[in-house]
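**Student:** Sequence:
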Amino acid sequence: MSKTKEEMLYNFVSDKLKPNRSKEHKELVQNWADMLEVRYNMPQQLSYPALTAQKSPDQMSRKELFWILSVIDETEHAKNTERFFTKQECLSYSISSMLSSKISFPIEFNVIEITEDQWIGRITAKELVRLRDAGLIYYNPEAQRPFLRVVHGQETYVKINSNQSAINAIDDSFMDGSRIPDTITLNIPEVSETEYVDGKLIISDLEHFELVDGYHRFVALNRNTNRNPDFDYPMEIRFTKFALDKERQFINQEDKKVPMKKTDAAAYDQTSIGNQIVNKLKEKQDIRQLLQSSVVINEGMLGIFLDIYYELTKETSRKEIVEIRDLFYEQISATYDYNPDIINTKMSYNETFVFAYLWSIKYEPKNIIKREKEIEKIIFYDGLNKSRTKNYYSKVVEKLKKGGFDNV
1 MSKTKEEMLY NFVSDKLKPN RSKEHKELVQ NWADMLEVRY NMPQQLSYPA LTAQKSPDQM
61 SRKELFWILS VIDETEHAKN TERFFTKQEC LSYSISSMLS SKISFPIEFN VIEITEDQWI
121 GRITAKELVR LRDAGLIYYN PEAQRPFLRV VHGQETYVKI NSNQSAINAI DDSFMDGSRI
181 PDTITLNIPE VSETEYVDGK LIISDLEHFE LVDGYHRFVA LNRNTNRNPD FDYPMEIRFT
241 KFALDKERQF INQEDKKVPM KKTDAAAYDQ TSIGNQIVNK LKEKQDIRQL LQSSVVINEG
301 MLGIFLDIYY ELTKETSRKE IVEIRDLFYE QISATYDYNP DIINTKMSYN ETFVFAYLWS
361 IKYEPKNIIK REKEIEKIIF YDGLNKSRTK NYYSKVVEKL KKGGFDNV
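For the sequence shown, counting from 1, position 124 maps to 124 in this note's numbering; every step adds exactly one.
Source of the hints: derived by calculation from the structure; they are not laboratory data.
Any given hint could turn out to be false.
[Stated by the list, open to error] 20 Å max Cα-Cα, derived EDC-like pairs, lysine to aspartate or glutamate: (1) Lys241 with Asp198; (2) Lys200 with Glu236; (3) Lys63 with Asp34; (4) Lys241 with Glu37; (5) Lys241 with Glu116; (6) Lys280 with Glu315; (7) Lys126 with Asp172; (8) Lys87 with Glu207; (9) Lys346 with Asp264; (10) Lys55 with Glu7; (11) Lys261 with Glu351; (12) Lys246 with Asp117; (13) Lys246 with Glu315; (14) Lys63 with Glu37.
[Stated by the list, open to error] Restraint ranges, calculated between C-beta atoms of paired labels, are given here: (15) Lys5 with Asp34: 37 to 45 Å; (16) Glu24 with Ile120: 48 to 56 Å; (17) Glu24 with Gly177: 46 to 54 Å; (18) Ala166 with Lys126: 19 to 27 Å; (19) Ser162 with Asn80: 18 to 26 Å; (20) Ser317 with Cys90: 51 to 59 Å; (21) Ser204 with Glu283: 54 to 62 Å; (22) Lys200 with Asp15: 43 to 51 Å.
Glycine included, every Cβ here is placed at the ideal spot set by N, Cα and C.
Hey, can you work out the whole structure from these sequences and the hints?
**Tutor:** Put into structure tokens, the structure is as follows:
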């Protein structure tokens, strides 16, 4: 899949800022930081995390990326800003500075007080971006997840430990509008001056907020606002005013939330075309009892199978979706008619996988090896008993080769 211009910009900046321990590189970073401070009024406590890879490019605004690339261009006698930014952006960003993004205090938020050091309210992506542009959102490694140690050749450096797959998924859900607004938590350092009056949290003095929970959501929001300055999205905001030990305890508490198995959680993804087909099958009264709440057939696994095996996407035609739905209705019905006692069993993920595969090939042994890569993806899907599934699969294939479905 070809990279977007935005992704190429992030990768290019990441490559340029890849640190090393040489004296020359350290002097170069200091030179860049000095230039950013003089030219764009960017404080070094904000520029250094970016220039040393502790802050990823997709956390930065396009303006910050331009500033950083412009000082790199100057030291390298290059014109990379022209590759990634429009003429209008180059003109606008080159005469801008952190001063233009400065926020005047006091600032107020409409919130509900939960305790004397915790409040919840509503915030929009644009409001968060305004705080970001003013340099008020800070990642505190003492409170958040530890930095990731990266070894690159002879060099070792640290960066924020993030899950790019999770960020990409959240990014997509913001883009298509399917994301249900959830929470971002910002901690207010204890030394800050705050008061709660008549439903308002009033902050009179603040060096920065600490991003305690919601880092991946924040990065995804940032990506969207970089792509589209008009992008906006409502979010739930939690403000806390915790000391470091309570802040860390809060993160520990959040981390201990019991996650569902991935195969169970997948059944709740209503953007999945496979799940949409399963939901349509559940409307059929004669087989509904087999699928409802995974009583017999594990609906999460079935949805996963359909998505991967048939490579279902938003671009899949309505005709193909209907054909798959009708095929599975016929096969599930036939299985139930052949063996009504199936209602008294509960299929495991593995068994659901094997039956779904059998239904898909319409009991035709000649199609046994069809789409082996897709089958491997399903077998190795997180949460599946891989060795048991591979064992089931190999036995089914062997029996089919010997004489078809009747021998299974």
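**Student:** Just to be sure I understand the hint, the distance between the Cβ atoms of Ser162 and Asn80 should be within 18 to 26 Å; is that true here?
**Tutor:** Since the Cβ atoms of Ser162 and Asn80 sit about 25 Å apart, the hinted range of 18 to 26 Å holds.
**Student:** Given the proposed pairing of Lys87 with Glu207, does the C-alpha separation stay at or below 20 Å?
**Tutor:** Measuring from Cα to Cα gives roughly 34 Å; hence the hint is violated.
**Student:** Given the hint that Lys63 pairs with Asp34, test it: the Cα-Cα distance must not exceed 20 Å.
**Tutor:** Holds, at about 17 Å.
**Student:** Has the hinted range 43 to 51 Å been met by the Cβ atoms of Lys200 and Asp15?
**Tutor:** Cβ of Lys200 to Cβ of Asp15: about 45 Å, so the range 43 to 51 Å holds.
**Student:** So if I understand the rule, the pair passes when the alpha-carbon distance is 20 Å or less; does Lys280 with Glu315 pass?
**Tutor:** holds, 19 Å
**Student:** Please work out if Lys55 and Glu7 have their alpha carbons no farther apart than 20 Å.
**Tutor:** holds, 16 Å
**Student:** Taking only the CA atoms, is the gap from Lys241 to Asp198 under or equal to 20 Å?
**Tutor:** Distance of about 18 Å is within 20 Å: holds.
**Student:** Does the alpha-carbon distance linking Lys200 and Glu236 stay inside the 20 Å limit?
**Tutor:** holds, 15 Å
**Student:** Quickly compare the C-alpha distance for Lys346 and Asp264 to 20 Å and report which way the hint goes.
**Tutor:** Between Lys346 and Asp264 the Cα gap is close to 14 Å, so the pair holds against 20 Å.
**Student:** Taken at face value, is the distance from the CA of Glu37 to the CA of Lys241 at most 20 Å?
**Tutor:** At roughly 30 Å apart (the allowed maximum being 20 Å), Glu37 and Lys241 break the hint.
**Student:** At the C-beta level, are Ser204 and Glu283 separated by a distance inside 54 to 62 Å?
**Tutor:** holds, 57 Å
**Student:** A range of 48 to 56 Å was offered for this pair. Does it hold for the Cβ distance of Glu24 and Ile120?
**Tutor:** holds, 49 Å
Comparing the model with each numbered hint stated earlier shows that hints 4, 8, 13, 15 and 20 do not hold.
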